[in-house]
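Since the structure of chain A is provided, determine the placement of chain B on it from the hints.
Number of protein chains: 2
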Amino acid sequence: MKQSLSKRSTMAEIAAKAGVSIPTVSRVLHHRPDVAPETRKRVEQLLEEHGLIQGRAKKLLRKEHSGIVDMLFPGFDSMYSFEIARGVEEVIARTDLRLAISSTHHSTELEQRWMSKIQKSPSDGAILVLAHGEPRHFDPLHRHNIPFVVVDHGGELGPDTPSVGATNWLGGRTATEYLISLGHRRVAVITGPTTLPCSQDRVAGYRSALETAGLQINPAFICLGDFSPDSGYEQTNALLDLPEPPTAIFAGCDEQATGVYSALRARGLNIPDDMSVIGFDDVPTASIITPNLTTIRQPLREMGRVATTMLLHLINGEPLDSMRVELTTHLVVRDSCRPLDDAKR
Amino acid sequence: MKQSLSKRSTMAEIAAKAGVSIPTVSRVLHHRPDVAPETRKRVEQLLEEHGLIQGRAKKLLRKEHSGIVDMLFPGFDSMYSFEIARGVEEVIARTDLRLAISSTHHSTELEQRWMSKIQKSPSDGAILVLAHGEPRHFDPLHRHNIPFVVVDHGGELGPDTPSVGATNWLGGRTATEYLISLGHRRVAVITGPTTLPCSQDRVAGYRSALETAGLQINPAFICLGDFSPDSGYEQTNALLDLPEPPTAIFAGCDEQATGVYSALRARGLNIPDDMSVIGFDDVPTASIITPNLTTIRQPLREMGRVATTMLLHLINGEPLDSMRVELTTHLVVRDSCRPLDDAKR
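In order, the protein sequences belong to chains A and B.
Residue 98 in UniProt numbering sits at position 98 of the first sequence, and the numbers go up by one each step.
Residue 43 in UniProt numbering sits at position 43 of the second sequence, and the numbers go up by one each step.
The set of hints was computed from the structure by calculation and includes no laboratory data.
This structure is a prediction, so every number in the text was calculated from the model and none was measured.
Be careful, since some hints might not be right.
Stated by the list, open to error - Using 30 Å as the maximum straight-line C-alpha spacing, the simulated DSS-like pairs for lysine-lysine come out as follows:
#1 K7/A x K41/A
#2 K17/B x K7/B
#3 K120/A x K41/B
#4 K41/A x K17/A
#5 K120/B x K117/A
#6 K120/B x K120/A
#7 K17/B x K41/A
#8 K117/A x K117/B
#9 K41/B x K17/B
#10 K120/B x K17/A
#11 K117/B x K120/A
#12 K120/A x K17/B
#13 K41/A x K120/A
#14 K17/B x K117/A
#15 K120/B x K41/B
#16 K120/B x K41/A
#17 K117/B x K17/A
#18 K117/A x K41/B
#19 K41/B x K7/B
#20 K7/A x K17/A
To be verified - Residues on chain A that point at chain B, a partial pick, calculated with CB under 10 Å:
#21 E83
#22 L99
#23 H105
As the list claims (entries may be wrong) - Each pair of labels, with its calculated beta carbon distance range:
#24 S208/A x A238/B: 47 to 57 Å
#25 I222/B x H330/A: 37 to 47 Å
#26 K7/B x A266/A: 47 to 57 Å
#27 R265/B x A266/A: 14 to 24 Å
#28 R265/B x H330/A: 20 to 30 Å
#29 I22/B x R143/A: 29 to 39 Å
#30 L224/B x R8/A: 50 to 60 Å
#31 I222/B x S208/A: 51 to 61 Å
#32 A238/B x G214/A: 51 to 61 Å
#33 P23/A x A36/B: 48 to 58 Å
#34 R265/A x V333/B: 15 to 25 Å
#35 I222/B x E134/A: 55 to 65 Å
#36 T195/B x N292/A: 31 to 41 Å
In this text, a Cβ means the ideal position worked out from N, Cα and C, and glycines have one as well.
Extracted from the complex, chain A is given alone in its bound form (with noise of 0.2 Å):
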């Protein structure tokens, strides 16, 4: 949190009136749980005083606030969405606020009841993993002045919507470079939905390198899928069934490339020998599968910490640096890629 110099002499001037350290004061004004109640409240009053808690702060010291900030997340059975909570969770661990989680089981009926159910339950802010896109979406949230940070969007985001995300048009293009630098020609991708722009930005990436490379486009190359295990099997099998099979798969997240490889192996194919598979996200299922997975990292706990962050500022009252955070995706080397044999070319 960035201060300025006569926010920072006010806050000095705060603590000596308090009898406190300037640490303290901060903590105060920061929700941060380790002060004892009457100091909190000593230090509380002369912040208001001297106009260093205003709007929606106010309310919250004013203890109009619920306490709660909610998540919503698409399901508890991907490590993806537990990745990101954990990173929620770190940052709202260090604070007196506590963390009520829902899942939308990838419905968006769920989620529209979600954010009816949201208007009764008063909640102090909601970080939102995947949440539908349109911005009219988030009309509830508006009405009850309640903030939010989107994580991973899908379909168009205003850009007054605060979001956070990873660089996943980069993402695929590196992944893809990368298999092409490994002597690769024919490149398959297997997609998540096609309706969320992370997995859209991933396709993107995928055909810049390939036209970077002056490689043809090959539609039959571009596989729906949908980040599951069996859509990763259903198209690998598909793929394989083409007169001429790819020699590389960019699997559009690791879960679905574990479907990859139950289906190579049903075939008795060998990865990285007969395949090359390449994942997205890094999540602990990339390190233990066999062999171990080459895939993008997508920094999901820091995205978590990072839209956490941002939301405790706007809880705060206070303006973000920037409604729009990409954090960096980047290439992890394992053992599920190979240099494609001279005689496969």
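Coordinates of chain B only, in the frame set by chain A:
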């Protein structure tokens, strides 16, 4: 929920008076979301007049409730916690309650801090996973009349503490019997934390199986671990350094077993040809590692569901059929164990 005949006939009477169906009355009684607000109010009033809502449930329906059920678990770092949370969420999603999740990060201190936090922030009830088990530890919850159910407790639970677990002793026995049935005579176990009854019980089951088979218990074959992959890795190395290493390892849990796999692989040993490995839990990890892990399934999602259903009864002021529920474990045979060659016996 069991209903006496008289309760059912009262509900029929209320349904008639309110001009709604009996299932609607039941939905109001059990806080299901799909009831129109005016209908809910009318039915609640009638339920109260007829004495069908009492005590805590009465308070709850009078909207003095927070609408929050808390879950405290060790951390977002294990599939074990995740699977239980999944079951809890499935039940909560069918109610108008929200689920607040906090992590102890495996720290007794953070657990105690949560206990003091909960006194300030109202909670309708709590699910405590692997909570510290001394009865006095739960005093803050008792004092504030917050009902709770413990899943897989640590320490000694009093007989009055509602809890859910699995048949850990039977599971440990089944795992060991299976290895013995494959001809293994030198069977080692890597334990979980020794403070946890679930872990102690598995080791007791291991001992029992060896004794029943007339095999000697070798103290060097009982290695202290803590459920982490690291402890699986370290203890496997210790076992392999013995003058006479085991031919089979019973890992404390599936995630620990991934560390056993890594240690064996680092020494160039093949699973199951050179060493049979069996796990415990049957989390998704078990069926994605190679070779797929033979394990003892404990129904973690079901445990979460059962604990939450018990908690909802308590919140409603209804008696429990049983204070302690143990769900059954069973053997899931996959590819990580094989009969011992005659030469090695």
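Going through the hints against the structure:
1. K7/A x K41/A: holds (20 Å)
2. K17/B x K7/B: It holds: about 15 Å lies between the C-alpha atoms, which stays within 30 Å.
3. K120/A x K41/B: holds (15 Å)
4. K41/A x K17/A: holds (13 Å)
5. K120/B x K117/A: holds (24 Å)
6. K120/B x K120/A: Distance ~21 Å between K120/B and K120/A Cα, so the pair holds.
7. K17/B x K41/A: Distance ~51 Å between K17/B and K41/A Cα, so the pair is violated.
8. K117/A x K117/B: holds (25 Å)
9. K41/B x K17/B: holds (13 Å)
10. K120/B x K17/A: holds (28 Å)
11. K117/B x K120/A: holds (24 Å)
12. K120/A x K17/B: It holds: about 28 Å lies between the C-alpha atoms, which stays within 30 Å.
13. K41/A x K120/A: Given that 30 Å is the threshold and the Cα spacing comes to 29 Å, the pair holds.
14. K17/B x K117/A: holds (28 Å)
15. K120/B x K41/B: Measuring from Cα to Cα gives roughly 29 Å; hence the hint holds.
16. K120/B x K41/A: holds (15 Å)
17. K117/B x K17/A: Holds, at roughly 28 Å.
18. K117/A x K41/B: holds (17 Å)
19. K41/B x K7/B: holds (20 Å)
20. K7/A x K17/A: Status holds; Cα separation ~15 Å.
21. E83: Status holds, d = 8 Å.
22. L99: holds (6 Å)
23. H105: holds (8 Å)
24. S208/A x A238/B: 47 to 57 Å: holds (51 Å)
25. I222/B x H330/A: 37 to 47 Å: With Cβ atoms ~43 Å apart, the hint holds.
26. K7/B x A266/A: 47 to 57 Å: holds (54 Å)
27. R265/B x A266/A: 14 to 24 Å: holds (23 Å)
28. R265/B x H330/A: 20 to 30 Å: Once the Cβ atoms are compared, 26 Å apart, the range 20 to 30 Å for H330/A and R265/B holds.
29. I22/B x R143/A: 29 to 39 Å: Check passed, 36 Å falls within 29 to 39 Å.
30. L224/B x R8/A: 50 to 60 Å: holds (51 Å)
31. I222/B x S208/A: 51 to 61 Å: holds (57 Å)
32. A238/B x G214/A: 51 to 61 Å: Cβ of A238/B to Cβ of G214/A: about 55 Å, so the range 51 to 61 Å holds.
33. P23/A x A36/B: 48 to 58 Å: holds (51 Å)
34. R265/A x V333/B: 15 to 25 Å: holds (19 Å)
35. I222/B x E134/A: 55 to 65 Å: holds (59 Å)
36. T195/B x N292/A: 31 to 41 Å: Distance hint for T195/B, N292/A holds at roughly 33 Å.
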